[in-house]
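S.K.: These are the residues of each chain, in order.
Protein chains: 2
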Amino acid sequence: MRRSEIRGHLLDTALRLFNQHGYHATGIDLIIAEAGVAKTTLYRHFETKEELILAALERRDEEDRNAMRAFVEQQTRDPAERLLATFDFLEATVRDKQFRGCMFLSAAGEHKDTVDPVFRAALMHKRLVLAYFEELAHAARFAEPKRIAIEINLLHEGAVAVAQITRTAEPTRQAKRMAQQLLAAEERLAPPARGGDAEQRTQAET
Amino acid sequence: MRRSEIRGHLLDTALRLFNQHGYHATGIDLIIAEAGVAKTTLYRHFETKEELILAALERRDEEDRNAMRAFVEQQTRDPAERLLATFDFLEATVRDKQFRGCMFLSAAGEHKDTVDPVFRAALMHKRLVLAYFEELAHAARFAEPKRIAIEINLLHEGAVAVAQITRTAEPTRQAKRMAQQLLAAEERLAPPARGGDAEQRTQAET
DNA sequence: CGAAAAGTGTACAGATCGGTTCAGAGCGGA
DNA sequence: TCCGCTCTGAACCGATCTGTACACTTTTCG
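So the protein lines, in turn, are chains A and B.
First residue of the first sequence? That's 237 in the numbering used here, and the numbers climb one at a time after it.
First residue of the second sequence? That's 237 in the numbering used here, and the numbers climb one at a time after it.
Don't read these hints as lab results, they were simulated from the structure.
Values in this document were obtained by computation on a predicted structure and should not be read as measured data.
Hints may contain errors.
In this list, chains with the same sequence are indistinguishable; a pair is considered to hold if it fits within one copy or across any two.
What the hints assert, rightly or not - Once the Cα atoms are required to be at most 16 angstroms apart in a straight line, the calculated EDC-like pairs of lysine to aspartate or glutamate come out as:
1) 348 with 314
2) 348 with 332
3) 333 with 406
4) 333 with 349
5) 382 with 352
6) 382 with 406
7) 275 with 309
When you get a sec, could you build the whole thing from the sequences and use the hints?
M.R.: Rendered as structure tokens:
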């Protein structure tokens with residue numbers, strides 16, 4: 237294995253094990269055994285286990301949000317439909333055989349002190365996801381994009397929490413239907429002037 | 237302390253510490269120190285730590301569900317309003333300074349294997365809560381009480397998960413508003429014959 | 001009252017925890 | 001080529017983990 241790849245490989249291994257067993261239950265010795273790396277090597281890349289957890293969550297945060305963006309953006313161009321498409325992404329996530337609940341919620345559940353860096357990392361991730369929902373809600377011209385984003389977020393969290401217990405993908409579909417119903421009743425601002433951006437209309441008319 | 241109270245005292249102490257630090261992070265030594273009890277005593281009441289966790293969750297399960305029932309039933313007699321009142325109970329729970337997220341979801345998050353007894357205890361609790369929602373939805377004569385219960389449950393889980401991260405009670409109010417909106421659009425069966433049960437009408441007319 | 005049961009405190013076992021040390025092997029770049 | 005950096009593997013550290021052993025005191029109860 238090339239030197240430059242070791243850090244990433246360690247993060248991937250750690251993420252897999254944290255997801256499988258949790259944070260406290262996953263020991264350093266297991267991580268290095270599964271990664272096929274000497275303990276010295278791990279501690280050259282990360283000063284403490286906590287730092288490893290933080291780096292792993294940071295990696296996962298970017299992976300997750302990028303994956304959601306990519307998935308949603310290729311599903312549809314309509315922002316309102318994109319808001320709903322986030323639930324399809326969620327369903328795909330939950331259907332994964334490795335799914336064992338949201339890693340960030342679990343991280344916050346094992347590091348409950350609000351000043352704990354791990355808790356704060358989980359909080360930061362949730363904030364960024366919420367910001368994405370708000371971005372979509374704003375683009376969809378909902379009258380109250382902040383509230384819409386919070387509602388969508390609450391449905392996401394509910395679906396994942398229920399899925400963590402039931403280990404089925406049904407809650408994500410349920411949440412999507414609820415989101416559909418709620419959004420249908422929401423006030424929208426008038427669409428922007430039809431002058432410059434022909435792209436959306438072309439898309440809609442085909 | 238009287239002998240007969242020791243077991244309950246141990247469970248209360250353990251629950252408090254599990255809630256504060258999590259399950260793996262809470263050691264037996266801390267529990268006995270906080271409970272002011274010898275280690276031998278703890279191991280006379282519980283064979284293993286896992287058994288202590290299971291007994292603690294069982295206690296908490298009954299406490300929680302009894303408290304919710306009692307709260308909800310004294311708020312209103314109308315079953316549909318009771319369904320909404322569950323969110324007020326949730327809000328009170330979340331407002332507690334000791335709130336650090338749902339202990340059952342955290343338990344499932346630290347014991348992710350579906351055959352783990354701790355996971356199964358968490359699952360059982362969630363099933364019983366869902367059954368209560370279904371009981372209320374049925375009494376409220378919703379056309380599809382099962383689906384209603386699942387939706388209410390999803391909103392509950394979402395609210396608690398978001399509250400665990402944000403540490404505010406707002407998500408519970410948000411969830412209640414969403415539930416109100418969703419229930420308002422739901423089909424209801426015709427009310428039962430007005431013959432025998434004057435109690436509800438009397439209550440409604442006062 | 002007196003025996004059985006259950007409490008206490010301490011010491012200890014064996015495993016595992018996160019983290020360090022060190023000598024040596026192997027690869028990378030000037 | 002060769003210097004320097006990194007990875008290896010294993011030993012080791014002190015702390016902590018769950019759980020046990022034991023000798024002794026206190027409470028419960030017929």
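S.K.: If you test the structure against every hint from before, which numbers come out violated?
M.R.: When the structure is compared with the hints, numbers 1, 5, 7 turn out to be violated.
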